[in-house]
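Enquirer: Next come the chains, spelled out residue by residue.
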Amino acid sequence: MDVTTISSFRAARTRADLALAPGEVPIAGGTWLMSEPQPRTTGFVDLTTMGWPDLEVGPEGLRIGATCPIATLVEWAQGRQTRRTTSLATPPSDWAALALAPRAADALLASFKIWTTATVGGNVCRTYAAAAMISFAVALDGVAHCWAADGSERRLPVADLPTGDTTNALAPGEILRAVEIPAAALRSRATLRRIALAELGRSGSVVTGRVDADGAVVVGVTAATSRPVVLRYPGVPTAAELRADVEAAEGYYSDPMGPADWRRAVSATLALRVRHDLLQETA
Amino acid sequence: MRLTINDSAVETPAPAPGQCLRTLLRESGHLEVKKGCDAGDCGACSVLLDGEAVHSCIVPAGRAEGRSVTTAAGLAPGDELHPVQEALVESFGFQCGFCTPGMSVTASTLGPEDLGDLDRRMKGNLCRCTGYRPIREAICAGVGGGAGDGCGGCPTAALASAPAAPVEAEPEPVEAVDPAGAPMSGGVGDSVRPPRGREIVQGLEPFTFDTVVPGTLTLRVVGSPHAHARVVAIDTTAARAVPGVVVILTHEDVPRRRYSTARHQFRDDDPDDTRMLDDVVRHIGQRVVAVVAETAAAAAAACALVRIDYEVLPAVFEPEAARSPGAPVLHPELDESDRVHESGRNVVAALHGGYGGDVDAALAASAVTVGGTWQTSRVSHAQLETHGSIGWLDDDGRLVIRSSTQVPFLVRDELALLLDLPRERVRVFAARVGGGFGGKQEIFTEDLVALAVLRTSRPVAYEFSRNDEFVRSSFRHPMRVSVTLGAGTDGVLTAMKIDVLSDTGAYGNHAIGVMFHGCSESIGVYRSPVTRVDAEAVYTNNVPSGAFRGYGLGQVILGVESAMDLLAQELGIDPFDLRRLNAVRRGDPIHVTHPDHEEDIVWGSYGLDQCLDLAQAALRRGNGVEAPAGWAVGEGMALSMLSTMAPRGHFSDASATLRPDGVVVLDVGSAEFGNGTSTVHRQIATTVLGIGGDRLVLRRSDTDLVGHDTGAFASSGITVAGRALHAACTKLRTLVAGLARGVVGGGEGDDVFAGDVAADDVELGPGGAIVDGRTVPWADVLAAAAPEDLVTDGLRASVEERAYVRSLAFNVHAVRVAVDVETGSVRVLQSVQAADAGVVLNPAQCRGQVEGGAAQGLGSALLEEVMTDGAGTVTSSVFRFYRVPQFADVPTTEVYFARTSDELGPFGAKSMSESPYNPVAPAVGNAIARATGARVFTQPFSRDRVWRAAAEAGATGGATATAS
Ligand SMILES: Cc1cc2nc3c(=O)[nH]c(=O)nc-3n(C[C@H](O)[C@H](O)[C@H](O)COP(=O)(O)OP(=O)(O)OC[C@H]3O[C@@H](n4cnc5c(N)ncnc54)[C@H](O)[C@@H]3O)c2cc1C
Ligand code: FES
Ligand code: FES
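First to last, the sequence lines map onto chains P and A. Just so we're aligned, residue 1 is where the first sequence starts under the numbering used here, counting upward by one. Just so we're aligned, residue 284 is where the second sequence starts under the numbering used here, counting upward by one.
One chain only, chain A, in its complex shape (with noise of 0.2 Å):
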């Protein structure tokens, strides 16, 4: 078929009758054109046709022949980019960067007139990361030629009365710990722009799946249509005979050793109770047998054909009864060695304890007690790039895995445990990841792939479909949160009783620590004399629930921040000073069940009552939006606590290497997906070093680079991996100091100690290190150095970090919203949220986190359910029953960071990745009850939810509330 693409004629293979435009696309070489649900519904494979937009994935390939086909990589001519390509690298717009070639080549077909309408223009485009303020901008600044000049379409001109730069209290100044001794432009502190932002929005960096590697075979699975059932046989015979297919894989082929698909650096943390094909089966989905084929055609008509027949057991839905005597048992075989707390109540995971005494009884004896039951529900990462790897063996038969994980090197453990190979037999890495949000702290895709690499010594694919995520991924665990707490008639705790009940669907993939996590800095925020927390993680017969970005802490802190503002009505304390009043205060202990003070956290810093103040304020200034008439107002806030790390010790094996050339290399463990790591590693690197990013090389996310790396999870990219970075960094310029030195020196470099010299002593300068006012050529110092530091490329330092130690980060969200009370309908007028990041390293970036954080809080506050049938069925399977916010869901956060220096992060800096989602949901839902006087219990809140509450309430329109 002949079409043009990017202004050149090509001459492609006919397409396949059923195929679409997309992949057509794609095997013409055009891996910019990406996929996020090949369905319809998210823009990432965005198209010019003719100069219309077009989504690929759902246009007939054939339509497009003698046709004129622009990707995101030909909307300008050579290495040049469209404007709104150009104003999306500027502004910081994108994270991930999945959704930008598609967000671009949409943009690039609006005008000026379209810029009041663009939550219309830009619906069929989404985005996970960034909460879109930024791409608004960057498309008023491209097609509009500036944002802010009066931009109907552009947040920042809409309010004209907030403050000029939603981004105050600036960092504090980093000079001082600045081995230099002067500031260095590209360093700590710099909002410096993410690397390969120009090829990221042209969708020429490659993704997972955006590399072509030869004879790659097609792996495909057949999901059980059952709850819960015992596979009495499988009948392979039919499948086998279709063309092109190569094995098919049972539960007879797979290792008979049982793990979890949750990583995590002690593997002991999650339990052993998944097998990679099983002969029981306990979701709906869940994969039964895996078809390896040429072609993905051949494997979808393969496992249509697989016979299987089911022996099918009585299943169990809700946590409560999968509890209760007389329910289905999920995993009868399984106890406390395997990590299966009581397997014969469906209990793996359970937390009873407290401190101070009889809650009860403190609670009879209080002046006022307030409490509820709230909760939560399933919610969808939803990251653009769907999980998926690749794997082969290489030159020297070594199995190969390209893979979208947070944790390259956990799954090259679990592999090799799993598959009996050595560790050094097994190579695991990342490219970019297209988002993950937790849901890539798992092994979905990578053990299937592997077997069948070595089943069939072919390259194998796993690429996940957007309906995959939906029945066989992990959910945000939904959980039940009873809060009753107790107080003095001054707001005053006086106890806190807390009960938890968490759903981990199917497996435990995460259920422990997410359980325990939730019922911690939640709960530890406050210091109350009293404390009681009964909880416990139960299995069913739904899809499994794993990590999600605050890793239980969202669904806890729900229920306490709510708890706290009906605390905070009932006593007409204004909420902020409620909070004011009860909080832990730097230096207090902080404890959930037991009396004693955690001793791995330590106060690095506190910037909780500066995140009160700021948001407070922010909330007082207004900014000048109107609720619709007859829309009744109310404004609402709550606060979160989290550890800068994951407890129990998160490691990171760095390295920094000198080439002969004057660059430096520096190597990490921690995948880069979305989290802007990478910005602020190279960011680290220059202020250390002293030397600009033109000289620096960062590879990471690859098991063949350095020893370790617990992984991108816990927010630790910054605090762990950084300060494993900033180490090896230092340790580099003092090598290099004292081998300048020697060479100075007259040769004498064996007799000067490391203890003599300092990093400081010497500049990397572009010809060689300067120290004493004179030039050793790199070639000297590199030839004076010890052969235990030299590598093949150059002069190395590397540095093992093993952090046991945490500091404590805080996030306050506040908003005001008008409610319809007829509909339900939710605006979010203001949105606020102040945080305490310790020195920010990366201002635009870090604001990049609290933005995306908050806009994920806002669609699962408001939006976002992954619905069942009650029967273990998902009926929103897709992006269109699946509400990710769109461009009109998500309004702008105002965000404030704390004035703070942390002890224990590097130059100061905190975590400030999951934490900003944790309080969103509570402080929308506490504005809804002030505004309407009806409070919603079951989160989202949706329409139908607020709708029915202030039915029920007989609340009317027009009445305002505030929360200060």
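Chain P extracted, bound-state conformation (with noise of 0.2 Å):
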């Protein structure tokens, strides 16, 4: 929609072109940001064109550009050919767990002809609980690297940024620069099951697992809970401890995509069924 309190829109090409004006915030894709009224906010600073890559690949692993396209990632994980993503590397062929991102983008009510212009960054810092890139990025231990205001930098788990549904641990001013994803976590095997209250709608939760190299596993519980939920094992859980982990997680939270009493215990149901997954796999 027309956003009628902007009063100014600012392309941001240097560091210090992202210190924010009283009344300003930075526009990613804008989906967000254009789908709501923003009766507080003055004018917008654009991210997209900082010219951050959007994927670079390392032996540490990935890092995802603040403003890569959702699209991009999705069909670069895909390995396909498109406008987006000809310039770019082939993924490393033993990171299996890119899987997880078209899956992940399937769990957003927004469509493809939203992914085109929405970006990862974007997702994670508007900070729904039904983000799916930070299902993603919690499945696979992944890192934000901000850029504070004062100039300093910091790195912090995603699965440490949200701190409830809607707000976030960043800093007023402070930008997100980038996902980072470590190799290990993308080498290993991963899968995520969502549920919400329509067929394809808005996730009511978002339950993901990943078998590491070493056997660990670990479950990571989103979209239900407030906060991200991330639980930790040393081999594949029994199904009664891993039942009883996921109904003991704090943060299950009722609003129009469901009622905590329901998202606590599809959460454990999508967990066992994650579990199995994860021996099919390893079977």
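Simulated from the structure, these hints should not be mistaken for lab results. Glycine included, each C-beta is placed from N, C-alpha and C at the ideal position. Heads up, a few of these hints could be off.
Claimed, not checked - Taking beta-carbon pairs under 10 Å as the criterion, some of the chain A residues facing chain P (in silico):
1. C320
2. D402
3. E619
Claimed, not checked - A few chain A positions that, by computed beta-carbon distances, are all more than 12 Å from chain P:
4. D321
5. D561
6. D618
7. R708
8. R1057
9. E1105
10. V1161
11. F1220
Quick one: dock chain against chain with the hints and give me the complex.
Expert: The structure is reproduced here in structure tokens:
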């Protein structure tokens, strides 16, 4: 919609440009910012003109630029050659966990038409509980690389970034520069299960799971809880143990995407299905 | 800014910093880019940006600089259509057509490889009318080169074991009633395509706001943050100072007269409880101040600066609490003379009555009794075109309102009354309306627009946002329905006891009608010797409820049909048989709370028996769709009855005018909002006049065209307006016959009495009237006409249809569902509806109405619920949080028509717009109950509720329960 309170739209090209004046907020894809009135916002500072690379592959893992469109991540992870991926290096063949990216995108209510515009960073920074790029990053121990307003930088686990549904640990003026996924996690075998009150609706619960090379298992619960829940096991947990842990997790909440009791119950069910997937693939 | 739009280089003014691409395109004249939500959720604004589909409402306009945009009008060169668009036109792929341009754009990007995954690819495009089946088929045909040839996305391919054509039982032959004596292609009984299809798929057929009225001001309102409060002071100083603000209206500027936003033939049907702007607010979001400004931005800025002091009053949100002692009273000053039953108890309407004796004694004496209490939720109409109107003064200084309304004449009458203007000084008309479903049988924008036009003497527009739809339009009335049934061991009903509590919210628009109508055919459909009904509609401080497809029946039917299912389970009787045993048969009296038959109901036809047989047979036949492993499976069914018109009269004028060039102009008052009446009206004219569609011009929904029309509601488009048009066409043809006879007989036209000629004495040939083998040129026919039959256009025959009697139509819905008891997920494996529509005048369109009604029924059965926080705030106020069914949520509904011919309707037709919706929710609920052993008593039967009920009942997967 027309955001009528906006009186300036400024392209950022250097880090200095990212200093926000009162009333200014960064805009990435704009798919959320343009979808609601923004009564307290008077200016947009465009991050997409920063020229950040979308996807960088290195020995430590994958670095996803905050302004990388969700579509680019999905197409690249699927090994598809599109106008967005042609200039990118092909993904290492042993990064099996990349298969989670398209499944995470499918967990969004947003369709492919939004993914071309919406960015990974925008999804993380809007910090809905149902932010599927958070689900993806949490599943794979992703790290948020942030630029603070004072010129300093910091890194924190993406799992620790959300402080609630739509709130996060970014300080005023702090910018998410990239999401980094460690190579070891990318080499794991991973799976994702999700449910919503409508078949392809906005997620009420997303449960991810992965088995690392050393057999360690990481289960993530997002969308059902106001903050991500990460459960770590040295090996595949028993069904009873997993169910108990998921049910005991904190932060199940109620909103139009589902009441807390249902979210808790279906998260446990999805976790068991995730466990089943992991066992299948291990076998 | 430079960009390319549909292959033309364009230079636009620099976009505003916060502007989106959608409005930039519309400002550049591309009105084919629609707005359904303005928030990225519905896809109506889809365009291609450098060849990729995007939602233009969430793309910053500036980012289109130097790029190429393609709209629905530019998907193919020149006048051509994209293959998907061709297929949408061919295969009845739209009803209102508002979603169709965006649908076309998205579909144009798909390839054959996407057809297996259409649910996902198309989830960003919502259609409220069709139920998606024809769109799916059109995409398969357009992208894959033909539906049904192994295309995985096509339901028709998946349903290989289903009968080839789901439309069974052909309509009665129409020749018998065709005055021309021969079937006419394009006439009644044919699946004639709706007019203007090529324009609609390109977005070129104008809806309400697809016009440019130069110099139009924008109206925006300030909503109340309180559920109940007195406005103490309003300070508009800062708001007035905003550049571009023209006028600000408060309760001090509006007429004192109270009215109802609801519109009916008789204005006394609704309580006068609403002021245009009030100094007491009764729900959160109620408009308090209206700002009129040069631009939307100025209006919004000014709205934010209006300071309002409130004295907050106690509020009540639960209807039971609202009618209990000590509750805050919402409308203390109103009484019976305002049509408020008992304002001190917040009761706007009450029905207490019955027949046959003491119901409790009858229940006590019954061999078996079953019962329960069901609760329905608020449902949003979610028509894709939001409410809105544009007003201006014409050259004569007359007030003109172009509105998205189902009832232009009733709006005109009420505006004239409110503003103290003679009726002829007000014109109200509707362009094509982008869906209504009852929600546009109200005045939500026209009143303020009219006032603002009179105050400013300038054109004024007020267009609802999607959020406005959720905070200040209306919803389906939530109702609590308790039903107790008594029966003998043979299943024959001995008593029915019904208690209904309806929440009308802050205002009583449609409260009375919906409550009474809700308790009519739903109960009258069963032959019970003893019946007792207690119903009340109460005010609460919630957003008002209003007219919604089915008009109260669906809520009560949920209770009655679910209770019937309990009875069938209790007695081990097949649920179809239980209906056969107890439902009314032709000739039975229809009554609800008194022993006598409702005297305005006639048995023009009866098709319930056939509907039960057709639905049961289809369910038995199955469709080969299997449940996922481990899911519980169950079947359920329900029936509904609906009269073919609202009680107490529905009026339509129509005229047919023969022009000198042999073209006949048809004028009707009724509006087209996707219900397909325009098509059927043309078909009726074709059959009666014996001329093809190329010689017909249909004009509609304009108070300047005809004297009066009650409007497009209560499914009256065919049964009343169609009858009027039928009569007008017959009259015209008879008139022409008489005149032509006169000319042929030697100019003694005066000697020919109308009684001596019949309509079919004459053929309306292309060059003139053909009578006794001779052609009389049209000029000669017109020259012979009496002056009183001539208007500027030509020879006119007018009819005023005043309909008071109604017939009855039936629907039976049946489903087989699978339930994952661990998550509460419900999958509808098979959906069947049998409909008794009388003679089906346009089978493809009528099938579309049934499918669309079934889709809405499935939506409100499983998904849709306007949620509040319990303190009057709507928490699901955008499509992102309100679940309109997507592609994935709507299975194909097999549609079967009973073979009946109604004595009342034109050509034996009955209405079939609202009724398909009514039996769906109980059918689904009954199937869930049979699958899981757990009945859910609150609608929607959302996953959380099904999960909770199943968990409490200890349900496990894998069981299969059949309904028959
Ligand atoms: C139809 C539809 C469905 C949607 N479904 C979902 C869903 O299921 N789940 C979900 O989570 N969201 C959903 N969204 C919301 C939103 O579109 C997505 O979260 C999207 O990924 C946001 O990305 P963006 O680049 O468009 O963000 P923007 O709209 O540009 O920004 C979002 C917010 O993040 C801030 N921001 C953006 N980038 C940065 C950065 N690098 N550093 C700091 N702050 C930043 C902005 O200031 C703003 O507050 C949906 C939106 C639509 C229109
Ligand atoms: S209007 Fe843009 S998606 Fe609905
Ligand atoms: S035809 Fe799709 S919304 Fe009306």
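Enquirer: Please go over all the hints and tell whether each is borne out by the structure.
Expert: Hint check results:
Hint status for A:C320: holds, given a least beta-carbon distance of 9 Å to chain P, under 10 Å. Taking 10 Å as the C-beta cut-off, the interface hint given for A:D402 holds, the closest approach to chain P being about 6 Å. Checking A:E619 against chain P by beta carbon gives a least distance of about 40 Å; that is not within 10 Å, so the hint is violated. With a least beta-carbon separation of about 4 Å from chain P, A:D321 fails to lie farther than 12 Å from that chain, contradicting its non-interface assignment.
Against the 12 Å criterion, A:D561 stays outside the reach of chain P, whose nearest CB is about 25 Å from its own CB. With a least CB separation of 39 Å from chain P, A:D618 remains clear of the 12 Å interface cut-off, as annotated. With 12 Å as the threshold on Cβ separation, the claim that A:R708 sits away from chain P holds: the shortest Cβ distance comes to roughly 35 Å. At the 12 Å boundary, the C-beta of A:R1057 stays outside the reach of chain P, the nearest C-beta of that chain being 63 Å off.
Interface exclusion of A:E1105 from chain P breaks down, the closest Cβ pair being 5 Å apart, not more than 12 Å. Not every CB of chain P is more than 12 Å from the CB of A:V1161 (nearest about 8 Å), against its label as outside the interface. Here A:F1220 stays apart from chain P, with its beta-carbon at least about 16 Å from theirs, past the 12 Å limit.
In the structure shown, a violation is registered for the earlier hints numbered 3, 4, 9, 10, in ascending order.
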